[in-house]
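With these hints in hand, go ahead and build the complete structure from the sequences.
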Amino acid sequence: MAEFNATPDFSGAFANAGALPSNVPCRLIETSREQWLRVAEALRAAEGMLLALWGHDERDGGQGFLVYASYLTAQGLLVARLCLRNGDERFPSLARLFPCAVRMERALHDLLGVASDQDDERGWLRHFGWPREFFPLRGENRLQTSFPPTPEPYPFVSVEGEGVHEIAVGPIHAGIIEPGHFRFSVVGEKVLRLEERLGYTHKGAAKRFQTLSLAAGHRLAARLCGDSSVAYAWAYCAALEALSATVVPPRALWLRALALEHERLANHLGDLGALGNDAGFAVGLTQFSRLKEDLLRLNQAALGARYLFNFVQPGGVECDLDPKWATDLPRFYSHLDTELEQMRSIYDEHAGLQDRFRGAGVLSTATARRLGALGLAARASAIPLDLRVDYAIAPYDRMRTKIVTQDAGDVAARVVVRFQECLEAMRLCQRLLEQLPSGDIHSAPRVAPSGALATGIIEGWRGPVMVALQAGPSQSIRHCHVHDPSWQNWPLLEYAILGNIVPDFPLINKSFNLAYSGQDG
Amino acid sequence: MFDVLTRILRTGICSEPLPRIETEQAANLQQRIWAVLGRALCIRQVDAGSCNGCELELHALNNPYYNLEGAGIKFVASPRHADLLLVTGPVSVNMEEALLRAYEAVPHPKLVVALGDCAACGGIFGESYATRGGVSRVLPVDRVVNGCPPAPPDILRAILEAAQGKRQALAAATAT
Ligand code: SF4
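Residue numbers (our numbering), protein chains in the order written: chain A, 1 to 521; chain B, 522 to 697.
Simulated from the structure, these hints should not be mistaken for lab results. Treat the hints with care, since some could be wrong.
What the hints assert, rightly or not - Computed spacing ranges between beta-carbons, pair by pair:
hint : chain 1 : residue 1 : chain 2 : residue 2 : range
1    : B       : D675      : A       : S345      : 56 to 66 angstroms
2    : A       : P323      : B       : D675      : 29 to 39 angstroms
3    : A       : V447      : B       : V525      : 51 to 61 angstroms
4    : A       : V447      : B       : R528      : 26 to 36 angstroms
5    : A       : I501      : B       : K595      : 23 to 33 angstroms
6    : B       : V525      : A       : T150      : 53 to 63 angstroms
7    : B       : R601      : A       : R398      : 25 to 35 angstroms
8    : B       : I534      : A       : V447      : 50 to 60 angstroms
9    : A       : R96       : B       : K595      : 46 to 56 angstroms
10   : B       : I534      : A       : Q475      : 46 to 56 angstroms
11   : B       : A598      : A       : A351      : 55 to 65 angstroms
All of these numbers come straight from a predicted model, not from anything done at the bench. C-beta atoms are modelled at their ideal positions from N, C-alpha and C, and glycine is treated no differently.
Below you can see the structure in the form of C-alpha cells.
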C-alpha cells in the first residue's frame, strides 16, 4: 500500500495534512478540486485503496458541502476533504481511479444532493420512497418526514444478442436472507452479466445519528448490521474515544477483542454450514448450526448475550468476564477445534462438495486488486489484507495474528479461509484469556470538543468497518458515517459469477456473504 | 461416507422440548395444527429492513436444538404456500411495496407476526423518511415479539401462540 510522502508529488499534496484523532494512524488533508483528484491519483499509483466516501452539510457554518474520502495506506488512514462553496453541488468523481466509488457517489447524491461527474445518474439508496429533490442530510430537512411512495422506473443495463434473456430475482428471496435485487442476463444457463440493485433496507441511519447524543450512538451503530454488531460498535466507540481522548482500560480492550473474535467465529461457523447446504450437503448445515448455537449459548453465559449488541460501550465494555471462564472457554475452544478438524476432513474428502466448490465463482487476484477487494474476499484471492495485522491496535499488537490467504479465489478458497480463520480466532481467544489484564472494564468517557472529527476502524469478520464521527454542541452527534466493506465487495460478485451457471449463484453469493443492511445504512 | 455416518451417530439427537405456551403444552398444539391443517404450519419470512440480527435468530430456530420442523412448522419460499407472514425490520420505505405484495399473496386468514423491536414499533430507527416505524403501520398484525433480537424460544412461543389464537380462523379457512 501507499506510504505517506512516498513520492515527491506526495509531499506537496500532503503538505497541509494534519493528524486526525483515530484508533489507528490517521491524517486529514484539505484539498482543492484539483488536489482531490491528485491525491487519489497518487494513492492509486502507490497502491492505496479507497475505503469510504461520504459528505456533510456545513452550509450553516458558512463552508458549503463537505465531501470526504478515506483511503487505506501502508501508514494508516488518510482522509481527504473537499469543500464545495458558493452553492457548488458537483465534485470530481473518483470512479475512474477507484471503481468502487461509483455506488458510494450515487448514494452520496441521494443523501446530500451533491453529485460527482460520473455518468450513472440513477439513484442508489433512493428508490421511490421519497421525492428526488428531498435530500435527507441537508440541514433544512427533518428526519421525521413521510412521503407517499411514487413509483418510478429503474433502467437496468440490458444485454442484447441472440438467445439472451433476463432473470430478475428479489428483493424478497426464497430463504431467510436480507433483501436485494439481482438482474441476470443469461444465455441458456450461463450468466453473461449480473447487475445488483441494493438499498432496500436503507433506514436513514446517517440522519438518525444526528438526533442522538454521542453517548448513545453506539447503540445505533451496533444495530446497523446484526452479524457485525461488535465490529460496528467498537469502530464507533473507538472514534468517540479518540474524539474525547478517553483512555479505555486494557482489560476492556482485551474483552472487546474476545467478543470480536467470537463474532468472527459465529459467522464463519454459520457460513460453513450454509455453504455445505447450498452445495447439497445438509449434514454440514446441521452440524455447523449446532456448533454455532453452542457458541451463542456460551456468549450468553460468559458475555451476557447471544448476540453482543450492547457489549461494547463508550469507555469500555458492558460486563466483566467471570474468572471461571479462564478455564471453561479454552475447554470449549479445544472441543470446537476437534470438531472443526473433523468437519474439515469431511468437507475436503466429499467429492460432491469439492466438485461444487472448486472452480466456482473465481475472483482473480488482478480483478480483486482492481476493484479494491477487502477483508475475507480479498484474502481468498491471495491479497494479504487484514487490519488486525496492518494497523494492529491493542490488543492485536501483541497477538501476532496470522493472515490467512488462499490463491484460487473460488468458492473452495473462501471455504478454506473460513476454516482456517476459525482456528486462528480460537488461538487468539486463547491468548487473550491468558494475557487478560486485571483492572477496570470501563472508564468514564470524557467530553468531546464541539466540531471535532475522528475516525475509528476495526477489522470485522467481513473486512474493515469504519466510522467517521463529528461532535456537535452539548455532546450531540453532528454527523456520523459508517462504512461497511461490502461497498467494495458487492461488485466483486458481479465479476465472480460471470460464465458460471445461474443455479450456482446462491452458493457463490453465500461464499461472499455480504451485508445488505450494513451497506444500505 | 463412513466419516459422515459416524459423525451423525455420534452427535445423536440434541433437540430440546418445545417451550411451554400460556394455556397448553406446545406438543398438544402441534397435534392441533395437524388436525386443522393436515400438514405443517407454513411460514414465509419477509425482511422489511431488518439489520439481519432477527434473521440470525430465525436461522438458529432451524438448528437441531430447536427442532422447528419437529414442531410441525416450516419456512416456505412462496407466500402463496404460507399460513403466516413473519416480518422483521421497521419497514423501510424501499421494502414497503414488496412487503404488501407478499401479504397480498398469502391466503386467508393471513396470520402476521411482527418479529423484533424494529418490527414491533420501529425500534431504534423509529419513523422517518426511510422507515414506516413498525409493521402495524402497514399491515394488520396478530402478534408482536419484542427483543433485539428476540431469543429463539421466544420466537417459537409467539409463533405457536399466534397459530393457537387463529386456530378457528385457520380451521374455517381450510374448511372452505
Ligand atoms: S429488532 Fe434488533 S435485531 Fe431485530 S432488526 Fe431490529 S435492530 Fe436488528
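>> Holds or violated: the 26 to 36 angstroms window for the beta-carbon distance between V447/A and R528/B?
In response: violated, 56 angstroms
> Between P323/A and D675/B, is the Cβ distance one that fits in 29 to 39 angstroms?
Replying inline: Holds - the Cβ-Cβ distance for P323/A and D675/B, about 31 angstroms, lies within 29 to 39 angstroms.
> Quick one: are I501/A and K595/B within 23 to 33 angstroms, going by C-beta?
Replying inline: holds, 28 angstroms
> Honestly, do R601/B and R398/A meet the 25 to 35 angstroms range at C-beta?
Replying inline: With a Cβ separation near 56 angstroms, R601/B and R398/A fall outside 25 to 35 angstroms, so the hint is violated.
> Taking the beta carbons of V447/A and V525/B, is their distance inside 51 to 61 angstroms?
Replying inline: Given range 51 to 61 angstroms: holds, Cβ gap about 59 angstroms.
> Is the gap between the beta carbons of A598/B and A351/A within 55 to 65 angstroms?
Replying inline: violated, 28 angstroms
> How does the Cβ-Cβ distance of V525/B and T150/A compare with 53 to 63 angstroms: does it lie in that range?
Replying inline: holds, 54 angstroms
> Is the hinted range of 46 to 56 angstroms satisfied by the C-beta distance from R96/A to K595/B?
Replying inline: holds, 50 angstroms
> Has the hinted range 56 to 66 angstroms been met by the Cβ atoms of D675/B and S345/A?
Replying inline: For S345/A against D675/B, whose Cβ atoms are near 37 angstroms apart, the range 56 to 66 angstroms is violated.
>> Within 46 to 56 angstroms: is that where the Cβ-Cβ distance between I534/B and Q475/A falls?
In response: Holds, at about 54 angstroms.
> Taking the beta carbons of I534/B and V447/A, is their distance inside 50 to 60 angstroms?
Replying inline: holds, 57 angstroms
When the structure is compared with the earlier hints, violations turn up for hints 1, 4, 7 and 11 and for no others.
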